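S.K.: Start from the sequences and build out the full structure, keeping to the hints where you can.
Quick note, the sequence shown lines up with residues -14 to 287 if you use our numbering.
Derived from the structure by calculation, the hints contain no laboratory data. Just so it is clear, the structure is predicted and the values come from calculations on it, not from any experiment. Just so you know, not all the hints are guaranteed correct.
[As the list claims (entries may be wrong)] DSS-like cross-link-like pairs, simulated, lysine-lysine; straight-line CA separation at most 25 Å:
no., residue 1, residue 2
1, K282, K198
2, K71, K282
3, K(-10), K134
4, K199, K282
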Amino acid sequence: MSSNKRLSRAYRNAKTLLFDDFSKFIFFSDCHRGDNSFADDFANNRNIYFHALRHYYKEGYQYCELGDGDELWENLKFEELFEAHKNVYLLMRNFYMGNRLHMLWGNHDMVYKDPDYVRKNLGSYFDPIDETDKPLFPDLTFHEALILKHRDSGQEIFLLHGHQADWWNYTFWRWGRFLVRVLWKPLQVWGIADPTSPAKNYKELIKVERRIKKWILQNDSILTIAGHTHRPRFASPGEIPFFNDGSCVHPRSITGIEVSGGEITLIKWQISTREDGTLQIVRVVLEGPKKLKDYHKKRPTS
-14 MSSNKRLSRA
-4 YRNAKTLLFD
6 DFSKFIFFSD
16 CHRGDNSFAD
26 DFANNRNIYF
36 HALRHYYKEG
46 YQYCELGDGD
56 ELWENLKFEE
66 LFEAHKNVYL
76 LMRNFYMGNR
86 LHMLWGNHDM
96 VYKDPDYVRK
106 NLGSYFDPID
116 ETDKPLFPDL
126 TFHEALILKH
136 RDSGQEIFLL
146 HGHQADWWNY
156 TFWRWGRFLV
166 RVLWKPLQVW
176 GIADPTSPAK
186 NYKELIKVER
196 RIKKWILQND
206 SILTIAGHTH
216 RPRFASPGEI
226 PFFNDGSCVH
236 PRSITGIEVS
246 GGEITLIKWQ
256 ISTREDGTLQ
266 IVRVVLEGPK
276 KLKDYHKKRP
286 TS
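M.R.: The structure is reproduced here in structure tokens:
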């Protein structure tokens, strides 16, 4: 199956969520939450991520995670990730309990395609204090893609991880997982990165982005937000409306995309230094905000 067909199938099968100009969404992807070992890229930014996510929770945002939230190529069990980053998952549970959590699966957590796996591993957790199982994400459903549809204008925002345009990581993800577990994870401890990852392979990154852009042009220039490549992208009105929220494993920062007040913004959260030498976590606008309606191409009614 071609990347074009995989993207079209993801669009056809996507769950639709209605939104309006009062809705607020934050999109993160590629967190790659690990086990807090030397191979856990997320561990370096976990405090930045937690602070940012807590901000969005307090401000009433809905959280959309566009795949590869959990690093299940390097790690065998979700339980290891939960124990390493328990505060993060409990904060995500708050979003979930308020019907404000929307999860997609990517190539590194494609096992979440299986509802039974999700129910068994993410449905509850063991509390050693009470020595009882407590609910975590009961009945949580992961999707391959989502469509945000504006209540008034009908404008759509297509959300997916983006590995649908990467034939190796979509079709042969089990082989990729095997290689990472037996080869690249041990080498990563010594600082050697996996060269097969599109985030590390610039030529493959360009190919993935080109395929997605081609699909967008063939499908009424629908505004599309993806992850996978770890490279933040922000389109200006008049350009191909392809956006990428980047990742949460950049050196010393995380990037994401906000949709709020009918506008879209590419943001970064990072640690900065005050004049007195103390550190603080700050939100930085990288590009935007731009009005969503400026990207809207109305479809023919006939």
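S.K.: Any of the earlier hints contradicted here, and which numbers?
M.R.: Violated hint: only 2; rest satisfied.
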